[in-house]
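K.L.:
Put together the whole structure using the sequences plus the hints.
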Amino acid sequence: DTAVSQTPKYLVTQMGNDKSIKCEQNLGHDTMYWYKQDSKKFLKIMFSYNNKELIINETVPNRFSPKSPDKAHLNLHINSLELGDSAVYFCASSLAPGTGELFFGEGSRLTVL
Amino acid sequence: AQSVTQLGSHVSVSEGALVLLRCNYSSSVPPYLFWYVQYPNQGLQLLLKYTTGATLVKGINGFEAEFKKSETSFHLTKPSAHMSDAAEYFCAVSEGTGNQFYFGTGTSLTVIP
Chain E
1 DTAVSQTPKY LVTQMGNDKS IKCEQNLGHD TMYWYKQDSK KFLKIMFSYN NKELIINETV
61 PNRFSPKSPD KAHLNLHINS LELGDSAVYF CASSLAPGTG ELFFGEGSRL TVL
Chain P
114 AQSVTQLGSH VSVSEGALVL LRCNYSSSVP PYLFWYVQYP NQGLQLLLKY TTGATLVKGI
174 NGFEAEFKKS ETSFHLTKPS AHMSDAAEYF CAVSEGTGNQ FYFGTGTSLT VIP
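Read top to bottom, the protein sequences are chains E and P.
FYI, in the working numbering the residues of the first sequence are 1 to 113.
FYI, in the working numbering the residues of the second sequence are 114 to 226.
Derived by calculation from the structure, the hints in this document are not laboratory data.
Heads up, a few of these hints could be off.
For lysine to aspartate or glutamate, the following EDC-like pairs were computed, each having C-alpha atoms within a straight-line distance of at most 20 Å [said to hold, decoys possible]:
id, chain 1, residue 1, chain 2, residue 2
1, E, 36, P, 201
2, E, 44, P, 208
3, P, 162, P, 198
Derived CB-CB ranges, DEER-like [unchecked claim]:
id, chain 1, residue 1, chain 2, residue 2, range
4, E, 67, P, 226, 44 to 54 Å
5, E, 38, P, 121, 16 to 26 Å
6, P, 155, E, 70, 18 to 28 Å
Virtual Cβ for every residue (Gly too), placed ideally from N, Cα, C.
P.N.:
Okay, structure coming up:
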């Protein structure tokens, strides 16, 4: 079983559309994250949830909305997609905020045309 | 505030040569330090980490790193590069439980046959 799995792996869509990326972890971790990796490989934290509670909300357009139905799942919904949203989005989890190591999913490559 | 600086966004070494990837950090408290590796089209995976104790840390695939508090550094080394080491390497820091992880901008390692 994959520890952190995210779907879909690839997403190609038109500007203005709405899309979602789902993430699930089976590690029993309390904390989950969304990171955005741009074309230069720079990793930027977007959101973090601890036990379904939002604890990190970086400067991200409010078109991006995370949802955590339970501590094993963290989904990312993006409204009104823009060209600049094209990136690879990584879900990750850790035992607790800032503790231990991060376990990453394989990434979801979003291309906005 | 924490920050991570990786000197050299691209490093090239010959197969069999020493690998040295540099990481400097700033932290107001004793940090937790990490090196992650990202192979093409994959998520990040942990190479090694320092939390407390011995300052020389050994990781997977023959990599090691030394925490030097006086130099605020956590450089990654491997005595002999293999072709399979070609990847993107990220240094990260955390100030421990309750805090987030901060990533450097990454170093792309090329191994020349």
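K.L.:
Hints first: check each against the structure and report whether it holds.
P.N.:
Hint check:
At roughly 16 Å between alpha-carbon atoms, residue 36 (chain E) and residue 201 (chain P) fall within 20 Å of each other, so this suggested pair holds. For the hint pairing residue 44 (chain E) with residue 208 (chain P), the CA-to-CA distance comes to about 17 Å; that is within 20 Å, so the pair holds. Distance hint between residue 162 (chain P) and residue 198 (chain P) is fulfilled; the C-alpha atoms sit about 18 Å from each other, no more than 20 Å. For residue 67 (chain E) and residue 226 (chain P), the Cβ-Cβ distance of about 47 Å falls inside the hinted range of 44 to 54 Å, so the restraint holds.
For the pair residue 38 (chain E) and residue 121 (chain P), the supplied restraint of 16 to 26 Å holds, since their beta-carbon distance comes to about 19 Å. The beta-carbon spacing between residue 155 (chain P) and residue 70 (chain E), approximately 27 Å, falls within the hinted interval of 18 to 28 Å.
Consistency with the previously given hints is maintained throughout, with no hint failing.
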